Each structure stands twice: as structure tokens, then as C-alpha cells.
Amino acid sequence: MAPAGRRIGRGRHPEDAGSPWEDRAEWLLTEALVGSTAVTDFREVDAFRDPWGTTRESRSRTGTREDWFSELISRASEIRPALAPRPYWPQRQGRGLSADGSTARDVRRDFARIVADFVGNDYLVEQFGEECVDGPDDLPEASALIERRLGIPDLWPLTPTTWDEDTFYGLIEVFHDLVSRPRLRSFHSCGGCGWHHSEFHNGPARILYRAKINELLRKAGIEYELAAEGEDLGRLVAVTDDARRQLVHRVLNDSPPAVTDRVRHAVALFRARDASLESKRSAIVAAVGILEERRALIREDLGKPDDGALFEIANRFDLRHRRADQLANYNDAFLDWVFWWYLATVELTNKLIEAAEPAKAGTASEPPF
4 MAPAGRRIGR GRHPEDAGSP WEDRAEWLLT EALVGSTAVT DFREVDAFRD
54 PWGTTRESRS RTGTREDWFS ELISRASEIR PALAPRPYWP QRQGRGLSAD
104 GSTARDVRRD FARIVADFVG NDYLVEQFGE ECVDGPDDLP EASALIERRL
154 GIPDLWPLTP TTWDEDTFYG LIEVFHDLVS RPRLRSFHSC GGCGWHHSEF
204 HNGPARILYR AKINELLRKA GIEYELAAEG EDLGRLVAVT DDARRQLVHR
254 VLNDSPPAVT DRVRHAVALF RARDASLESK RSAIVAAVGI LEERRALIRE
304 DLGKPDDGAL FEIANRFDLR HRRADQLANY NDAFLDWVFW WYLATVELTN
354 KLIEAAEPAK AGTASEPPF
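Going by the numbering used here, the first residue of the sequence shown is number 4, and it counts up by one from there.
Treat the hints with caution; some may be incorrect.
[Unchecked claim] Once the Cα atoms are required to be at most 16 angstroms apart in a straight line, the calculated EDC-like pairs of lysine to aspartate or glutamate come out as: (1) K354 to D304; (2) K215 to D113; (3) K215 to D180.
[Claimed, not checked] For each label pair, taking beta carbons as the anchor points, the in silico distance ranges come out as: (4) R46 to G194: 27 to 37 angstroms; (5) E133 to V37: 20 to 30 angstroms; (6) H204 to A246: 24 to 34 angstroms; (7) E74 to D26: 14 to 24 angstroms; (8) A358 to S146: 51 to 61 angstroms.
Read the hints as simulated data drawn from the structure, not as lab findings.
Small disclaimer: the values here were computed from a predicted structure and weren't measured.
Heads up, the beta-carbon is just placed ideally off N, CA and C, and yes, glycines get one too.
Throw the hints in and build the complete structure from the sequences for me.
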């Protein structure tokens, strides 16, 4: 599956792992890849090489498990997604489903199944705890933990048929912040207790969670997705096309530190799931403010009076000065166009600033030892 490559790619090099690292590597392979082939291949890497073997592989096997795992990490982007099974009879006949193959309630049940998978893979142990025959009986109260974050009681165990839209979307965002992947586990044999987990990291878990949830929402025709970066990381935002998504990524990551927070705030204001006209106006004003500060740079490259044309829309329409003589009769589509135009201009000025900087001295290379 697509997230598998991300999980493998974020695996740590064997030398960075604790002992025995092989157990942790096998755990990751089992969790991230479909089937047992990868684990079997990994186990056989260090098998004794037989010069008299009957196959070429048995005669020429070289390398170590460290080499094998390191190569897998370096080539994680080449891992192909697992294919979903072809539709079964009821799905092909469309029985019990809406025209697009899903219903709102189906989506909520599917979300609950995704959360159940994360529970089954111990991605909620850090927050919810885990039972131990030798440990205390008072585990954290999951329902209370969710209520503290969302302000709604009795949401655990999950009961999808009781949720309204706001509760459903709120739970999507809450669980993004709750999941974390354990990197260590130890087996407690006393009384058949089982595995215990520790050293939790939320970065890889949240990447996997976003991938699964965004795929679920996309297939259901819901035009929201969990943001992968920015001030609104892990919050539902309006879906955009790839070009605008890449623009946001570049502006968020390439803006000078002096304006980074303002850019992040403007993007978060504009693409929020519940963004109002006023929020979108504020986002545009923030972007225009950055450009105003760079007016001298723009004038130098565009020339006067062309630089004034850049701000004419913001000044003539009821966006920032809010004067009586400004045009106020416009709809969301106009605001969308204005925002993305100004955000693209912020990116342009970022490039102009970068080009104007004195050439940096070459970075020192790593010592050859």
C-alpha cells in the first residue's frame, strides 16, 4: 500500500536501532508490507552460503541483513501500493449503496474500522495505555481523554450511527493527534500477558493516518483532506488541485523566517473547512501585507507604475480598506482567485529575494573519513 513506502522510508538505519535490531526490523516489515515474503527474505539473508548449492542464489548469496535493510530504506519510494480486491457481487450490483458506491454512514463506519486497525497495531497505546497482569488496573479513560479535546462526552467506544457531521469531522482530527507508533516492544510471558510497547513517535503514525483518512474521504467524494503541513497540520482543509497544493508547500517551506508565520497563518485561514468570507478576506490581507513590505523589490523588477497594478485589486475591492467607494459585490470564486494569485506572487518575490542575495560561499564538504 502507498503508506508502506512512507513507513519503510522513515525506518531508522540498523545501527541506530537498539538490540536486537533484527526483531524491530521484522516487526516493521510485517506491519508495513503485505504478505510474509519480505520477512522471509530478510531472515534468509545471513543464511550460510553453500558453494556446492544447487541454485545460483545459494552459491552466490552475499551481503548482510544490515545491507539488505539499508537498501530497502533507500528504495522505499519504489514500493508499489497493494491492490484493492476487485468489487464483489453486491458491490458490482450496487446493492445497499448510493450511486457513487458509498453513503455518509458507510464512511463513518469505515472510519471506525480504520481507528480499530490503529488500535490493533498498538498506535493508541501511548494515550490509552495497555493492560498488564502485573500493572495497575486504572488505565486512562479513553472517553474522557477524547472529551477533554473535543468537548463531547461518551464517544468511546466509537458508535458511528450516533455522530452528526461535526462530531465525525472532529473525531477525524482528534485521532490524528492521538496516534503514535511504538518503536520498542517486549514480550511479557507471565500469565500470557503478551507484548508491551514503548518509545512512541507520532510523526510516522500521523503520516500513515493522514494517508488512510484522505483516501477514505476522497473515495467518498468528501472535498476535505487532513493538512500535511502548515499551521493547520492535521486539520481538515478544503481539497485543492496538485498545482495549488505544491504552491502551498513551496511557500510554506521557502519563505524567509521573518514572514513564515504570517504565510502559515494566511494559508490556514483561507483553506479551513469552515472558512468564512471574512476569514478569506483576512487571508488575502495578510498576503497583500507581505507584498507591501516588498514593494521596493517589486518596483525594482517590474518598474513604476507597474508595481501599483499589483495592488489595484486589493485597493479597488472591499478587501482591506473597506471604503464606501470600493466594490463589494463578489462571490467565493473571486476570493479564491485573488488569494491564489497573491500567494503565487509571494512565491515570486521569495525567488526574487533569493536571487538578489549575494552568492553564498560553497558549503564545506564532509571530511573523507
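Inset, instruction - Sort out which numbered hints this structure fails and list those numbers smallest first. - result: Failing hints: none at all.
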